[in-house]
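Make a model of the complete structure from these sequences and hints.
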Amino acid sequence: MKRYDQEFKRDAVTMLINSGRPLKQVAKELGVSDASLRDWRETYLEALEGRPAGGEGGPTPRDLVAENQRLRKELERVTWQRDILKKAASILSEKSPGGML
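Taking this note's numbering, the leading residue of the sequence shown gets 1, the next gets one more, and so forth.
Each hint should be verified, as a subset may be incorrect.
[To be verified] Restraint-style ranges between C-beta atoms, simulated for each label pair: (1) Val78 to Met15: 23 to 33 Å; (2) Thr43 to Ile91: 43 to 53 Å; (3) Ser90 to Leu48: 26 to 36 Å; (4) Thr60 to Ile91: 38 to 48 Å; (5) Ala88 to Lys2: 50 to 60 Å; (6) Ala89 to Tyr4: 43 to 53 Å; (7) Pro22 to Glu46: 15 to 25 Å; (8) Leu48 to Lys86: 37 to 47 Å.
[Stated by the list, open to error] Below, in silico cross-link-like pairs of lysine-lysine (DSBU-like), each with a Cα-Cα straight-line distance of 35 Å or less: (9) Lys86 to Lys24; (10) Lys73 to Lys9; (11) Lys87 to Lys73; (12) Lys73 to Lys24; (13) Lys73 to Lys86; (14) Lys28 to Lys9.
Derived from the structure by calculation, the hints contain no laboratory data.
Where is the CB? At the ideal position from N, CA and C, for every residue including glycine.
Now the structure itself:
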């Protein structure tokens, strides 16, 4: 069984959290098992639980990770919608052969 140093584990978790990609995909890219990366993430988040980002009563790091993932998905959806609307606007703005729409 291969052993990884703390820096590698921290970097792997940071990559997972910041990338917004699925855990399985990041684990495969790094050449580690899903279970290892999941354990490292849980350990990292538990270590941060004592230091809420917003101070007393603020969101925990785990809450922030969940919110980050939700916002990334929403951004992807809204970007897709915007691209569709741009294409539709482009098609509708083209003049028809008789000069009318």
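Results of checking the hints against the structure:
Checked against the hint of 23 to 33 Å, the C-beta distance between Val78 and Met15 comes to roughly 24 Å, which is consistent with it. About 52 Å separates the C-beta atoms of Thr43 and Ile91, a value consistent with the hinted range of 43 to 53 Å. The given range of 26 to 36 Å is broken by Ser90 and Leu48, whose C-beta atoms sit roughly 46 Å from each other. Roughly 47 Å separates the CB atoms of Thr60 and Ile91, a value that falls within the hinted 38 to 48 Å.
Remark: the range hint 50 to 60 Å for Ala88 to Lys2 is upheld by a beta-carbon distance near 51 Å. As the Cβ distance of Ala89 to Tyr4 is approximately 50 Å, the hint placing it in 43 to 53 Å holds. Remark: the range hint 15 to 25 Å for Pro22 to Glu46 is upheld by a beta-carbon distance near 21 Å. In this structure the supplied range 37 to 47 Å holds for Leu48 paired with Lys86, their Cβ-Cβ distance being about 40 Å.
For the proposed pair Lys86 and Lys24, the alpha carbon gap of about 33 Å is at most 35 Å, so the pair holds. Under the criterion of a C-alpha separation no larger than 35 Å, the hint pairing Lys73 with Lys9 is consistent with the structure, at around 25 Å. About 22 Å separates the Cα atoms of Lys87 and Lys73, which keeps this hinted pair within 35 Å; it holds. Distance hint between Lys73 and Lys24 is fulfilled; the C-alpha atoms sit about 17 Å from each other, no more than 35 Å.
Between Lys73 and Lys86 the alpha-carbon distance is near 20 Å, which keeps this suggested pair within the 35 Å criterion. A C-alpha spacing of about 14 Å is found between Lys28 and Lys9, which places the hinted pair at or below 35 Å, so the restraint holds.
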